[in-house]
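Chemist: Sequence:
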Amino acid sequence: MTNKYISIRFQDPLRSFVGREKYKRPLWITEALEKPIVTVQEMSMQSTSSLTIKWTLRGKPKNAFFAAAGGELVVRVDSQFILNQISGQVLEHFESWDLSASSPLAQAYFWFSRRVYSTVEAGKDTIEAAKGLASRLNKDDNIEVYPDPLGDPTKFFTRPDDLNQDVVQIGLFLAVLYFIVQFLKTTL
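Residues in the sequence shown are numbered consecutively from 56, following my numbering.
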């Protein structure tokens with residue numbers, strides 16, 4: 056991962072992923088509901104690294120049949136966040152849903168449309184992973200230093216030094232030392 060942020064892990068009952076880039080994609084809410092309304096019921100910090108937000112999503116399905124027959128969709132969402140204690144960045148985000156305030160038809164619409172959305176997003180993830188793998192195979196990498204595979208750009212690993220590098224470094228040191236001695240002989 057080449058962005059400047061630590062990677063995030065997301066999981067809800069139908070979808071999970073790792074990476075902040077996927078948050079930039081269009082949301083299911085905007086694609087499935089007419090004029091969705093979100094209200095926050097409660098926000099609480101369990102510790103300096105744990106946050107819970109309870110919120111409710113309301114809206115009419117964009118599908119005319121479900122909107123007429125099923126009525127309004129009401130989803131009570133419980134979002135759990137694990138934060139980096141120093142930076143406050145989100146490291147993990149988990150969601151659970153309660154649809155009990157919705158009619159059975161509205162619940163069916165939710166699960167069907169959310170499943171379709173999750174399947175499409177999983178397809179996008181697969182395509183992105185394949186493109187990323189192909190670009191990594193084709194790119195000339197610096198084999199001396201490589202970033203942390205977990206995505207933290209502040210951590211770097213170097214390859215262990217081998218005997219050839221040590222011999223070259225000692226040779227350069229001796230050459231510089233020799234030139235200094237020769238310079239001092241001629242000037243003194």
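Source of the hints: derived by calculation from the structure; they are not laboratory data. Please note: incorrect hints may appear among the correct ones.
What the hints assert, rightly or not - DEER-style ranges, computed between Cβ atoms:
hint, residue 1, residue 2, range
1, Gly178, Thr107, 28 to 36 Å
2, Glu86, Ala156, 28 to 36 Å
3, Gln66, Glu97, 56 to 64 Å
4, Glu76, Trp166, 21 to 29 Å
5, Leu227, Met98, 34 to 42 Å
6, Ser99, Asp221, 20 to 28 Å
7, Thr103, Leu229, 49 to 57 Å
To be verified - Only pairs whose alpha carbons sit at most 25 Å apart, straight line, appear in this in silico DMTMM-like list of lysine to aspartate or glutamate:
hint, residue 1, residue 2
8, Lys240, Asp221
9, Lys117, Glu147
10, Lys79, Glu89
Note that beta-carbon positions come from the ideal geometry of N, C-alpha and C, so glycine has one too.
Chemist: All the hints need checking, so say for each whether the structure fits it.
Modeler: Now for the hints, and whether the structure bears them out:
no. : hint                           : result
1   : Gly178 with Thr107: 28 to 36 Å : holds (31 Å)
2   : Glu86 with Ala156: 28 to 36 Å  : violated (22 Å)
3   : Gln66 with Glu97: 56 to 64 Å   : violated (21 Å)
4   : Glu76 with Trp166: 21 to 29 Å  : holds (26 Å)
5   : Leu227 with Met98: 34 to 42 Å  : violated (59 Å)
6   : Ser99 with Asp221: 20 to 28 Å  : violated (56 Å)
7   : Thr103 with Leu229: 49 to 57 Å : holds (54 Å)
8   : Lys240 with Asp221             : violated (29 Å)
9   : Lys117 with Glu147             : violated (31 Å)
10  : Lys79 with Glu89               : holds (20 Å)
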